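Participant: Based on the hints, put chain B in the right spot on chain A.
Protein chains: 2
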Amino acid sequence: MCIKKKKKIRIEYPSSEKIYMPGELHDIRVGMRRIHLTDTVEKKENKKQERKFNLPVIVYDTSGHYSDPCVVTDIHKGLERIREKWIEDRNDTEQLEGFSSHYCNERIANIRLINNVCFPIIHFPRRARSGKNITQMYYAKQGIITPEMEYVSIRENVQNKDLGVLSHITPEFVRSEVAAGRAIIPANINHPEAEPMIIGTHFLVKVNTNIGTSTLLSSIEEEIEKTVWSCKWGSDTIMDLSTGVHISETREWIIRNCPIPVGTVPIYQTLEKVNGNIEQLSWELYRDVLIEQCEQGVDYFTIHAGLLKDSLSLIKRRTTGIVSRGGAILANWMNLYEKENFLYTHFDEICEILKQYDVAISLGDGLRPGSIADSNDAAQFAELKVLGELTQKAWKHHVQVLIEGPGHVPINKVKENMDKQTRYCNGAPFYTLGPLTIDIAPGYDHIASAIGAAQIAYYGASMVCYVTPKEHLGLPNKEDVRAGVIAYKIAAHAADIAKGHPGAQIRDDSLSKARFDFRWRDQFNLSLDPEKALEQYKASGKLAEDDHCTMCGPHFCAMKLTKSMVCNETL
Amino acid sequence: MCIKKKKKIRIEYPSSEKIYMPGELHDIRVGMRRIHLTDTVEKKENKKQERKFNLPVIVYDTSGHYSDPCVVTDIHKGLERIREKWIEDRNDTEQLEGFSSHYCNERIANIRLINNVCFPIIHFPRRARSGKNITQMYYAKQGIITPEMEYVSIRENVQNKDLGVLSHITPEFVRSEVAAGRAIIPANINHPEAEPMIIGTHFLVKVNTNIGTSTLLSSIEEEIEKTVWSCKWGSDTIMDLSTGVHISETREWIIRNCPIPVGTVPIYQTLEKVNGNIEQLSWELYRDVLIEQCEQGVDYFTIHAGLLKDSLSLIKRRTTGIVSRGGAILANWMNLYEKENFLYTHFDEICEILKQYDVAISLGDGLRPGSIADSNDAAQFAELKVLGELTQKAWKHHVQVLIEGPGHVPINKVKENMDKQTRYCNGAPFYTLGPLTIDIAPGYDHIASAIGAAQIAYYGASMVCYVTPKEHLGLPNKEDVRAGVIAYKIAAHAADIAKGHPGAQIRDDSLSKARFDFRWRDQFNLSLDPEKALEQYKASGKLAEDDHCTMCGPHFCAMKLTKSMVCNETL
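For the record, the sequence lines run as chains A and B.
Heads up, the first sequence is in the numbering used here, so the first residue is 1 and it goes up one at a time.
Heads up, the second sequence is in the numbering used here, so the first residue is 1001 and it goes up one at a time.
One chain only, chain A, in its complex shape (with noise of 0.2 Å):
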């Protein structure tokens, strides 16, 4: 394998132009995307024409440099380092001299290693000054607001300025909300690469993408193409799943090209390094790969703390027993050792390890349902009560939380999940997979589970995990990512709008007006798959006219005939 030189990658939005908000308290500046819209022109029964200016509109960009046709990117230097100096001029951690985990300083010795699939350039990692606290969570219960909490609050409003709406998220409700432990912003300090984000419930919902090569399939470079992929479709955080060969080079190549925050599950890792033989597993090596992956810059892991020996003779009532590989791994670790997981044991240890590099911690919930049989069950909710103790432990490191939910749910399951979640974690932000609400969807469980996704995320789920309509069936190729993405785009805006973000409407209100209008490339281009929109028109024989709509004709089109009235004032 050999990570040929390629040229940059650019994403493109079409009629869109890339802008920078400026920050009033630091000196930064927020990436966005403003969408530029036709006239409005109407005609009037005189057959004069009378035109009106529609506002662009500014749309929350999750594409990073990518879309900037000022910027030039290229995979094998990285991204530019946004946060580097912020990070610096805090003055509280230290650039090391070398990295500190032992896989890590074998992998870079190996010369054939470097020349074949390494990532070029080596940055040698930066760790918390002895006796510092560097979580954006400690800063914020010390009442400092950061430039990464100004930059999310300038993000979260960016619907509205335009407009004139009033900005209602202020840095200072940002800083209250990660003090509270309501929102995280995962922001390694060795990921300056990634645009900050914030994950809450009183926030936009957020997507993730799951990516990551396995032994069976996959390259590096395809994993980079998807990671910009999905960046392009409005993902906001990526999960690196892979299991397979060269797990470390895909993820530094990855995190060294991504503007949005990396997570991975490091019991991945840890158990690839000892071929799969469970028995191998120890709390040394899972400790050595997370040392090795917070100085790679990974901003939240997940961890399956939660998941103890005593609930494991609570699945064998399961049709479906446990389908979170992590919790499988470590059911079989403990069943074998007939001892306490692991990571339970060493919870308070993993916490002083993450804490000196800001990692957040996702709770894992290693037996989330697999089936609508097994949901809301003992199992799965005995768990959750651990993730909740687990939480106010993590709390006191000021570590930051996110909480893994489920899984297969049916609607009418969903709230109680919420609920108990809220209650147990006292208000950690919520980040579920689906829910799936039916079992007999493969090949659309993107579909069944985005059902679940906006119901969630409407009651107070914070961030919804993709599910691609592979699910279940096969590893997703790019127009999977793509199907996946989408469908939970419109999840969390579903959700946005029925919790009444301020501003999540404006986008829905000017596309709804344009197709009024007729003014079709503006509909496209307002759209979450401007392409796909357009291809889809096109299909149709591209035989509409610019007054009335393909599926109606001429003399059937609603919006015509309406639009006659109201133009000619005769209502």
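Just so you know, not all the hints are guaranteed correct.
[To be verified] Here are some chain B residues the structure puts well away from chain A; computed CB gaps all over 12 Å:
(1) 1009
(2) 1017
(3) 1081
(4) 1093
(5) 1098
(6) 1103
(7) 1192
(8) 1389
(9) 1427
(10) 1532
(11) 1535
[Claimed, not checked] Here are the computed lysine-lysine pairs in the DSS-like style, where the Cα-Cα straight-line distance is at most 25 Å:
(12) A/48 x B/1316
(13) A/415 x A/499
(14) B/1415 x A/499
(15) A/309 x B/1044
(16) B/1560 x A/316
(17) A/309 x B/1560
(18) A/560 x B/1339
(19) A/18 x A/415
[What the hints assert, rightly or not] One side of the interface only, derived from the structure: several residues of chain B facing chain A at Cβ under 10 Å:
(20) 1438
(21) 1439
(22) 1513
(23) 1524
(24) 1558
(25) 1560
Note that these hints are calculated values from the structure, not bench results.
Keep in mind that this is a model prediction, so the values were computed, not measured.
Beta carbons are placed, not taken as given, at the ideal position from N, Cα and C, and that holds for glycine.
Facilitator: Just chain B, lined up with the frame of chain A:
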């Protein structure tokens, strides 16, 4: 245009057998699909294999005779007229010696048309004998359990029989729900080819597919193909929204070959007759269309009788005005003549006509919101109130009633729609178009609306009208129809499970068990779209082995790991 001789159409499902369940009260046989499964094979540690039989699963079947290998279908002959004898036996209808509609008589006198595009067999229509009421609602109120009622009671319980779950829905329960107006059995006596089905809040949630030619696109053959195709994927009714040439002929071909109820919007054909000139619309023309379609066998009509002159001023404030085609046509007519909607003023006459054939009324929502901005507004609910009044009027004639609903509604406003509809319309079944929960998803509106459809069906809507990926962009092709139907089967099934419909979850449980057993073929065969599931599995390179899944690879498969613990009883 000429309809070519075609081979018989067949619908096939893998590992499935067409079965028929007999009635107890009547000489009827209800078609169903039995999915056969393979054995569970468990590998014990001592290498001994244990085989366990898995019960087949019986599922609701909308494919009619097309999936019966013993029946030779021929679109030039039409389907078997299974209800003909039931209707004759009631002895309250008579076979006419010709057609009652002027237009129909003109049309069949046109020899050129007959040779080219007409359905080759003429069935003279049937009508209630003078003084007789022949609607299912009338019978129900008299305490009569018709074959249609027993048929649907067996059909609704389908998933239970083989598995020993007690039947829940009895013929008497069906009768009482139809009598109360809480459910309808759309079953025109002139569409005896249709297999009876029921639409009501205490029954399985139903899905409607819209098909139809327009002046711009598509042929009769395509529409027949789409009809059968919709039935294959599980559509419960279709609406023929044709607006093109040969509108009556298209409908005749569809009805004669359609095993599910067919709905139409008669105002479309009325406008077609006057070449789109709204000025020339009249009650007399509309009346003739109603009679023609009643005698052809349309099972339910969308009639926008609740859109009143006084409400029109309410749409001026709207972002997207009127988006219902029927609504816009009538609004223009009212505006032009400054007269009340003729469908409202002639509503009793409409009921007089419909009850002679047992055609159900689907009260159209001409003012349904076409954007999030317009949802739940005064115009929408003003019309809904009128629909409630009209429901009472129709029920006096014992005409069966459906109420149509929105449209575009954000998640937080969905429940209000259901609650108001139940209150205003006294529990008449609600039939909604989505609703779409956001406006910015052109190209993916099947997903944006499946979210709303699942939710409103969970709250009590009885039927949901599908939306395809082409919504707002163009006319759907076959693949769009499939995508739309499956998205809506998912929404409907999610609601059935959430509502606790007896037996709805059996298929899910069986699929999940197959998944846990790595019985891949069973998993595909039990799914809503077995072909798609298999295709996507194969697209992953057929790399999956028997005992781990394609996403995880051998070391990481959670279910494999759990299974080994469960099988070896080490938990």
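Participant: Does each hint fit the structure? Answer for all of them.
Facilitator: Evaluated hints:
1. With a least CB separation of 24 Å from chain A, residue 1009 of chain B remains clear of the 12 Å interface cut-off, as annotated.
2. The non-interface label for residue 1017 of chain B is consistent with chain A: the shortest C-beta to C-beta separation is roughly 19 Å, beyond 12 Å.
3. The beta carbon of residue 1081 of chain B sits about 33 Å from the closest Cβ of chain A, which is more than 12 Å, so the claim that it is off the interface holds.
4. With a closest Cβ-Cβ approach of about 34 Å to chain A, residue 1093 of chain B is found to remain outside the 12 Å limit, as its non-interface label requires.
5. Separation of residue 1098 of chain B from chain A is adequate, the least Cβ-Cβ distance of about 31 Å exceeding the 12 Å criterion.
6. At roughly 18 Å, the least C-beta separation between residue 1103 of chain B and chain A is larger than 12 Å, which holds for a residue marked as non-interface.
7. Every beta carbon of chain A lies more than 12 Å from that of residue 1192 of chain B, the smallest distance being close to 31 Å; the non-interface claim holds.
8. No Cβ of chain A approaches the Cβ of residue 1389 of chain B within 12 Å, the least distance being about 24 Å, so the stated non-interface status holds.
9. Non-interface call for residue 1427 of chain B relative to chain A: holds, since the shortest CB-CB distance, roughly 21 Å, exceeds 12 Å.
10. Taking the minimum C-beta to C-beta distance to chain A, about 4 Å, the non-interface status of residue 1532 of chain B is violated against the 12 Å cut.
11. In this structure residue 1535 of chain B is not separated from chain A by more than 12 Å, as the shortest Cβ-Cβ distance comes to only about 8 Å.
12. Under the criterion of a C-alpha separation no larger than 25 Å, the hint pairing residue 48 of chain A with residue 1316 of chain B is consistent with the structure, at around 21 Å.
13. This hinted pair checks out: residue 415 of chain A and residue 499 of chain A have alpha carbons roughly 15 Å apart, not beyond 25 Å.
14. At roughly 14 Å between alpha-carbon atoms, residue 1415 of chain B and residue 499 of chain A fall within 25 Å of each other, so this suggested pair holds.
15. For the suggested pair residue 309 of chain A and residue 1044 of chain B, the alpha carbons sit about 23 Å apart, so the restraint of at most 25 Å is met.
16. Taking the CA atoms of residue 1560 of chain B and residue 316 of chain A, the gap is about 14 Å. The hint holds against a cut of 25 Å.
17. Of the pairs offered as hints, the one joining residue 309 of chain A and residue 1560 of chain B holds, with about 19 Å between alpha carbons and a cut-off of 25 Å not exceeded.
18. For the hint linking residue 560 of chain A to residue 1339 of chain B, the alpha-carbon distance of about 21 Å falls within 25 Å, and the restraint holds.
19. Distance check on the hinted pair: residue 18 of chain A and residue 415 of chain A sit about 39 Å apart at the alpha-carbon level, beyond 25 Å; violated.
20. Hint on residue 1438 of chain B holds. Least Cβ distance to chain A is approximately 5 Å, under the 10 Å limit.
21. Hint status for residue 1439 of chain B: holds, given a least beta-carbon distance of 4 Å to chain A, under 10 Å.
22. At a threshold of 10 Å, the smallest CB-CB gap from residue 1513 of chain B to chain A is about 6 Å, leaving the interface hint in force.
23. Here the hint on residue 1524 of chain B is kept, as its CB sits about 7 Å from the closest CB of chain A, short of 10 Å.
24. Annotation: interface hint on residue 1558 of chain B holds; nearest CB of chain A at approximately 4 Å, less than 10 Å.
25. The interface hint given for residue 1560 of chain B is met, as the beta carbon of that residue sits about 8 Å from the closest beta carbon of chain A, less than 10 Å.
Of the hints listed earlier, those the structure fails to meet are numbers 10, 11, 19, in rising order.
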